[in-house]
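A.B. asks: Listed in order, the protein sequences are those of chains A and H.
All letters in the first sequence, in the order written, are residues 505 to 1300 by this note's numbering.
All letters in the second sequence, in the order written, are residues 67 to 227 by this note's numbering.
Warning: the hint list may mix true and false statements.
Said to hold, decoys possible - Just a few of them, taken from the derived set where beta-carbon distance is under 8 Å, the chain A residues facing chain H: (1) ASN522; (2) GLY526; (3) VAL647; (4) TYR650; (5) GLU652; (6) GLU654; (7) VAL711; (8) THR730; (9) HIS748; (10) LEU749; (11) ASP762; (12) VAL763; (13) GLY764; (14) VAL1198; (15) LEU1227; (16) SER1231.
Hints were generated in silico from the structure; no laboratory data involved.
Note that CB positions come from ideal geometry on N, CA and C, so glycine has one too.
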Amino acid sequence: MTVTRAPAETLSVLDRSNSYIGKTVPRPNLDRLLQGRGQYVSDLELPRMAHVVFLRSPYAHARIVAIDADAARRMSGVIAIVTGRELEAVITPWVGVLSHLKGLKSAPQHAIAVDRACWQGEAVAAIVATSRAAAEDAMEHVVVDYEELETVTDMRTALDPATPVIHSALGDNLAFERTLNAGDVDQALSDSEVVEADFVFGRHTGVTLEPRAVVADWNAAEARLTIYQGTQAPHMVQNIAALHLGLREAQVRVVCKDVGGSFGIKVHIYADEMATYALSKLLRRPIKFVADRVESFNTDIHARDHRCRGRIGVKPDGTITAFEIDDLTGIGPYSMYPRTSAIEANQVVNLVGGPYVTANYRARARVVFQNKNVMCQYRAVGHPIACSVTEGLVDLAAAKIGMDPVEIRRRNLIPDDAYPCASPSGMKFEQLSHHASLAKLLQMMDYDALRAEQAALRARNIHRGIGIASFIEVTNPSAAFYGVGGAKISSQDGVAVRLDAQGSVICQTSITEQGQGSESLTAQIVGSVLGVSMDRVRVTLGDTDNTPYGGGTWASRGAGIGGEAALQAAKALRQNILDVAAAILQSTPAGLDIVNNSIVNAVDGAPRIELNELARIVYFRPDTLPPGVQPELMATRHFVPRQYPFAFTNGVQASWLEVDTETGFVTLLKHWVVEDCGTIINPQLVDEQIRGGVVQGLGAALFEKCIYDERGQLTNANMADYLVPMSGEMPDIEIGHVVSPTQETELGAKGAGEAGTAGAAAAVANAVNDALRPFGATITEIPLTPQVILTALGRI
Amino acid sequence: MSAPVSVSLLVNGEPIDAFVLPRLNLADFLRENLRLTGTHVGCEHGVCGACTVRLDGEIVRSCLMLAVQAQGASVETIEGLSDSGEIADLQAAFRERNALQCGYCTPGMLMTAQDLLKQMPVPDRQAIREHLSGNYCRCTGYQAIVDAVEATAKTRAGRPA
């Protein structure tokens, strides 16, 4: 990793000696996971626990005429078989809309289908038994009489008058539409060379290695529901479960220990999870649901199924005059709850053209219903679409006027000294660094040498390509994301820090851990600010009974929002500790400091009293303190961004690859990323977030696609047929940073979790087109399978 | 589903005698009967590698084997390899390099990496990538894992025999 950073003008609490900020330190508690001692929900067993499996509709759209479970009910181990109608008595349906997405509509969705199934995989009955195997045995004997209904599968015809309307009460299949018109696009295009293309994005999904899992434990004697769930947002789950089960939030506790991958898949409320909560209440015992892999493919949210027509205007000197898009996406039969399925299309409108100065921008996005699995927010929501369309168009424009792809970007990226400024879609940018990032990228990849190598290899009929993609990323979202639309999804986070009786620190945070390093960054910040070594900081997260209230970890918000709350809480505790120390030592708080677990003189660093001794006095001999001194060795602070709705970050990626024009196979040779996420708390963790994100984007670029047939059947719902990136095909990824801290927080951190995914596919697609330029072929579709490439080459 | 049958095997060196349904797979037997939950289940059809264990010295996918097929065999899981200290250096290298995020693939990844390092003392990066290519990790992008395995191989090679 290489970092470019302007020298700080003043020292902050983060620059203290022995600071962990900006240092690579191993994450705490990794040994638990390394030794197979993690506590994933799928590992959990409780007394009297029963297992639920769901009988799922084999049809994409069907009326449920009758369900006969009599034979199944008599089978060994069966506890209950419950239909949607029966479960309605316990849990109410929901509608996934937000008021700030004007016009967004959806239909009531039930925990288990009532009367009608709307996608292949929607649950139509729950079978509860003493073991999962017994439940699956019984499921074979539940007979459902279906009347197959006409399906709506192709998003392109979903709005045609001849197409059936999935939810007749809604009037049509249009869930949401947004238009935007900034500047004068028609005038700009009339004066320019215009290039246009249809960009097609395959529907893909998250494939978390641990499937979704939940254990719901309704204790009737306590009138309290404990939900053990692998979730990114425990307080959101608490709120939703309480709302639909008719409970107060205080009656619901959500516990989230280790989570086997999330990436946005586990930030939603799924119908089968709601059914599991309800079944526990109905049956008054713990119920466990663990999705199998087929269920994961059929019910974990899908994402990115977009078709986007894009146009760009360009002058001969390389000036980009306008962007225009018409985006269409199909989201399945329901808008997902509670975050809705309109956010991705909305983001596409917000983000297209975002890195560039171009003021003329027109956009339309339409979101339609169809009889396929639901779509919703997955890592980098909307960004890969917006980035691929924007960067694909920029490369097409460059080719049109015969300009190098780097040069056209240099001429149009927003200058690094132009901030603060806003995009045509109204996005506010505090401080970005497109040009510094591009310059650094070119240096890292040795762009000119690669171009020379490419030319030399072409002479030998070896076709390599270079693809560049600049991007912006939404991080640290304020209430503008969900709260203003009426969703009870907190945009603030809280951290409580306390000194224990042996001078160690216990820290409770509302952000959550799915492997990103939330625990580590919290401990690093708290340890640095307090002057306590990290091995004395213990972090608790993922428990609504034992953490402050907050949003959790999603949308690249953990470090920027939860980290700032940790910093402010630690500062408050530090002051409280120094107040007590001053009283004990007959000094002043300003005359003292905390360094390496001890109170020292601020001036000369001379040790005065160790923290464990201070804690001993406070907790066990308060009688020896001066009169009137009441120590408070616990402090809590919350934080939410108010100045900017989002802390935008930026970066640029490059791909170097080879296309075999005989077989259509792509070999990824190298990938580079330069990213600016502001203050870097732990360089290693940031880099690994980016690498993992890039590889998820590379999967989308080359392999991943949920293939539906015309009847709405998912034909590759297994890991043998749905391809994911494996180690053999992935390149090494080199990462550099430019550091532009946000001034909105003392910490200065912005998010980094989604940057890799945002631009990887765009870089690869541009590189493939660069490699194929001698053949006159241009591809604007992902995944770039051999079939797609050979078709573009006219070989098949 | 026919009646339970008896099976006797060694698990992490301990003799185990059990009655199991013939259809019970080895992964479920380890997790549910023996509570060895470090062996993870990801795909249940032999693709993801999360359930990798060692059977008589060879790595196998425990989701693709029946428990009764392990009759008379010696099975080693991540708990066994951890407690014996056999892979302590590899685990330390994973920790230093942050070669795991959510940790769900990690036990299987460690099993597979140790298998490679026993077969090939100093594999190059491509050989490491090839050998691990049956173990799916969604979090890391693999580079950190390759780095950790490579570093362990070099350290072991430099250690006197």
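A.B. asks: Give a verdict on every hint.
C.D. replies: Verification of the supplied hints:
| no. | hint | verdict |
| --- | --- | --- |
| 1 | ASN522 | 20 Å, violated |
| 2 | GLY526 | 16 Å, violated |
| 3 | VAL647 | 20 Å, violated |
| 4 | TYR650 | 27 Å, violated |
| 5 | GLU652 | 28 Å, violated |
| 6 | GLU654 | 33 Å, violated |
| 7 | VAL711 | 6 Å, holds |
| 8 | THR730 | 20 Å, violated |
| 9 | HIS748 | 28 Å, violated |
| 10 | LEU749 | 29 Å, violated |
| 11 | ASP762 | 7 Å, holds |
| 12 | VAL763 | 6 Å, holds |
| 13 | GLY764 | 3 Å, holds |
| 14 | VAL1198 | 6 Å, holds |
| 15 | LEU1227 | 10 Å, violated |
| 16 | SER1231 | 4 Å, holds |
Checked against the numbered hints above, the structure violates hints 1, 2, 3, 4, 5, 6, 8, 9, 10 and 15; every other hint is satisfied.
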